[in-house]
Amino acid sequence: MVKVKNHKRVSVEQIQKKRQNQNAKKTLNPFEVHINKEKMRVLGKKAANQRGVPGISRAKAIQKRKHTLLPEFNLQHKSNRFLDKRIGEKSKMSNEEKVAARFAAFKAKSHNRKSIFNLSEEILSHRDHTLSEIEKFENLHSDDEESDNENNTGKLDSDFVEEAHFGNGMLTNTGREGVKTHKQLIEQLIEESKKRKAEQQKVKEATLELTEKLDNEWKDLVQLVSKNTKKAEEKDQEKSKVDDYDKFMRELRFEARGTVSDRLKTEGEIAQEEKEKLEKLEQERINRMKGTIEDNNTKTNHRSADDLDDNFLIESDVEDNTLSYSTSGQANVEIQAEINGKIVGEDPSENTENESNSESDDEEGNEESEDESSSDDSLTDLKEKDDSSDNSESEEDNSKKIETKNNKKKNKIEIENTEYKKIKVDLKDTVTIIDSDEKACPKKNRKEKEKNKRPSDLVSSGNICKKLKSDITSEHVNKDILESETNELEKVGNELPFTFKLPESYENLMETFKDKSHTQQKIILERMIKCNHPSLAQGNKENLGVLFDYLLQYLNDLFSEIENTKDLKENFQLFKSLMPHIYDLAQLNPENTHNSVLEVIKEKHQEYRKKKKRYPGIEVLIFLKLVSLLFSTSDFRHQIVTPCFVFIEQMLKNCSIKTAGDISYGLFLCTLILEYTSLSNRYLPVTINFLSGILHMAIPKTGVKIIKAPPPFKSLCSDLVLTKKKLKFHPKDKIHISSLILQDIEVEFKISALHLSLKLLREFKDVFKSYSSNVEIFDNVEKYINQIPWHLYPDEVKSEHKEFYDSLNQLKSERKLQYLIMEEKKPKALRLYEPKIETVYDGKRHKVQSREKAERDKLHQKLKKETKGAMREIRRDKAFLGRIKLNQRIQSDLERKQKVNRIFAEAATQQSELNTLDRKNKKK
Amino acid sequence: MAHIERPIKVSKLLRYKAQEFLESSRNPDILNQIINHFDSGLDTVSCLLALEMIFTNLLKDRSMYVEIIPLKPIERTPENQHKQWLKETYEGCFNLKILNCLEHESARIKLQGLSTAMNIIAHEGRHPLESKGTLENYVPLGKLKLILMKILSNKYNNTNLINKYTEYLLFDDILFFTWKILPSLTHKSNPNETYIINYLGLLEKLQIYPNSERKVLCAEENVNFFTFDENVTKRCLNKIWHCIMYWMHTTNTLKQLLIVLLEKVLVHLEKPLLLTDFLMDSLDVGGPVSLLALQGIFTMIQVHNLDYPNIFAKLYSMFEPEIFHTKYKARLFYLSDLFLSSTHLPENMVAAFAKRLARLALLAPSEDIIIICNFIGNLVLRHPGLKCLLHNGNGVTASSDPYIMEERDPLKSNAINSSLWELQTLQNHVQPSVANAAKFINSPLPSVEWDIGKILENTGDDIFDKEVKKFSKLIVLQFEQPKGLSLNRGEKVSMYWEFD
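Protein chains in written order, with the UniProt record's numbering: chain W, 1 to 924; chain U, 1 to 500.
In isolation and in its complexed conformation, chain W is listed as follows (with noise of 0.2 Å):
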């Protein structure tokens, strides 16, 4: 608003100038008018430069370098000038003005303030106060007051007045005794005046006192007052207390209804979703391991099928904990506690640990299953019943919860497939959709209800959930196996505390695990990363994350101190059992399992770099099978496993093989490698060097002629030669992990050594089979493996060698080189010109830019005008300028003309008078 006044007040002013302008222009004299001719006069078109004056504007522009350039000019080369600052010095002034002028000057600078307008400086009041000291308003006494009572102020009485004044009194009083005389009248006057003054003083200190004195008697009061009303207010409403009826009718009211669902999904069609995701997750993988995919596709959460049927189970059992455990602590609901426990404490683990152990451990599950106590016995049935999954409801009391009951198990599932994440939902939201869905349920007590029918309910969801999963990856698990571990870890787990607060230090850790068995351990941790999931609380993540650190810290305890096979088993027993949790907690969060690993991998490489030719410890190999387990090893570039090649590829180059503990550990590694590469079919040189210099420690060196070996390994070392036939021993499929630590290089441990050499030689060979030059990789070890005295061997060995063997010549033989053919390059496309249509066509081309560009556009061409103005006023300068010099050039020599003029007419005078002179000499 304030501009807009502004530009109106200067466009007035413009006008009126502009006025008397067009008045000197009126008299401007019409030979100085310049007309420019137009040749086609267009209509509408704004001429702006049809008519000027170029005379006057001339001169104005000398005019105004007179002013500016000119004096510039002359000072140029100066460095000093003169200012000459006094008043009326420069205008033509008078004397007198002069003085009067400069005179002023000083006064006004002597007065001189600030502002005009700056009141501050001087200190305004009202009646004796200030007027900040008004403005607090503190005294309340206003003006009124004293303006009401008026007559009470200073001033004299009217009666007073009516004698005093008008004569004196002389009117009334005149011959009365004791006249006073007019000078005793006046002080008399004064005398009264005053008195009055101080009574009316008087008078009003006293009512300020009263009224501050009640002011603050008030303020005791206000205290008492205040609080009856209050209890009274407090007596009305509990009169109007609000009976059941009404509470329940509001809670009714303002509950959450159940919100619309989708429909329930039939089995097939989870099926069928969790292999859509598998299907997208290892389209995924493969694309990292081509390295087509870029780090724009950040999708961190990768989670499975399996994840997300475990994450629920964790997620259900630790609802069922907290439930049992905050309602009452009364042996009721323990009991409940202990069989809940024991349900829950079995789902994962089962899952996982039937399917480990469905291969290899059918005879210790059996045994373990006869030990088994009938008290035992009768909860596990309990337990079949429930995984029956048809009519799990014996148990129960409360017959009338049976027609809820499937309702209810179905909205559970159908929560529990959607997602991980809403699964989160607490205990009143699944009350609430269960209510909406069975309206006609009678009333009842819902928590009671809730109490029931919780704990079996959610282990048969679990159970459901259970059989899709085993659906899904058709694992047929083995009931009985499943049943009698399930029983033994029922057994161990009952002995244990079922809830365990995280470790706050690495010490807390092993003291928990201080002298427990591995399934005990097991337990432990499974209960530590239930009751601590990320979704109870909201530290939880890091606090696990904190836990998984601890693990990785145990693994390294345990592995890196072990002496004798049996903790060697021992220890690899533990890791076993504990490594589908350690899986789960890497799965809950994935950036801190990255950074962990990725830092103990990097410490490791630390220690290895101060002893490169030594191979580091058994811990590493765990580390390194960790990684295999927790992280993709097929990608293309992986944070983590891309320096753990370079780390595995290190050891093998460099680290010298003397014990027999040194070539399980480079087997170990190379079986590794495999494991790394064999999705995605990659090739690490070092694996088939160091497996050929295994070979060539089987040769026999006759001495004449040196084989060479690769570098690791010495060229004329033979240790792994066998002397004397030894066909007696069977070789198993497997060497035992105790090799790692064995010293002395046994005549089994050269067999079994050689005959896993060529196993994973051959395993190479397979993943290889699609490179060009496969053949030639093989090269080395062709040549060692015909050295190899085959027949000291027992079968199995030769008849791997023989596989290999002939694979490898069939290999040769099938082989079809196809010559490189670089890519072609693509031929460049000619430009094409399209012609330039425009639908509606207005005389003008508009240009299609965007509004930065125009304005770019706009700015550039006012530049271009303004430098070229800017160079036509040098220019004009210049000239300007040239004219002063040659000015004062034609001024100088005019000088210098007459001032030779000057000088040789005084010469000629000069010479004429001597010429005179000379020729009157010479008359006379």
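In case anyone wonders, no lab produced these hints; they're calculated from the structure. If you're wondering where the values come from, they're calculated on a predicted model, not measured in any experiment. Ideal Cβ placement from N, Cα and C applies to all residues, glycine included. Warning: the hint list may mix true and false statements.
To be verified - Just so you have them, the derived chain W footprint on chain U, three or more residues with Cβ under 8 Å: (1) 169–177; (2) 322–330; (3) 430–441; (4) 459–465.
Mind docking chain U on chain W? Use the hints.
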């Protein structure tokens, strides 16, 4: 506590004694006490310091200076006798005590002995025991020679002493006189290995030209400049080299010798062509030695117009799988890059090199594969005819590689008819950096060569560090839950290893 305090006390005591000796009495007893203590073998370092202090001060005071006037016997005044005694003690101490320290077991005492000896020499140079005569600079050559003899011992490996001595070689006069003394110390017949190692170690440190700072040890500061005659040092070098070349060398010393030759000597030899036979012999030794010899021959060819037939066959034969595990791998690549930099070489020969390198790459460590890939790329860039190794548009197939790996002669290896399948295979390498390096054969070649110099010194550690630092937001976990210790797909470890 007492044990720790003792040495401090002793060193203080010794210093105090030395001061006492210098200040007032010049009492022979004190000096004898110190020397005796020295002989006892305890606190050698402190004794050395004390002796150094005494003798340097004596030299400064000219207390041992006996003016010799020609044709006049020295007066037997007690003063002169004292001087004479001091001088004898001084010589004795230097020759027997201080120099023997250079053969001490302890490295610390050795180094201290050397620095004491050199300090004394410096002081004697400044304040000579005899009149200088016309010499501008006086360096006690006898003593310097003794020191050098100790350094060039044939019993101990004196690497640290030589390093310490290098500090003194910064002084022009010491450097010059070391050169001058060295020929007389060089064995004519075959010395033992330790001696050769020491000798070559010293020779490696010696330089022909004077130092830029022009410092002189055996003269007062800024008195006069030392004239350093480069011709003399060169002559000495040539003289020495003649002896050295005919010593019996072990592989180790030969390697050292060649390094010294290549880095220091070759440029300064008067008749370098005399080396040809020597280099040829070394070339046949094999391993790093022949590599170094090859470099020497290359320099000879390049600078001295040596004509050596079949040099490329020699180079070709050097590419063996073992070369990747030697220290001289980088030198080999550098050298072969130089050798093959000419664009006028026959194509089938260069193709043989490319093919052999590719073969080696099949079983080479990762860091070397990257070098080899870039190297082959450079070869193809230099010799456009090699493009047939990458692009053979005839569409034919072969049942086996026409290239003959066993052939010693690159020209007969038939490499030009082959194709670089090895690189195609290496694109499947587990290291992404390697796989990417091998991928150059797929796309059109660049116009500029790869810079090999940067990656020559790369090690596996470098690759590890680089990969660890590579930060990507994508965190990829295994999405299939493992069963116990085994993966769902591709489990191999538990296939071959038994855990229970």
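Enumerated hints in conflict with the structure, sorted upward
1
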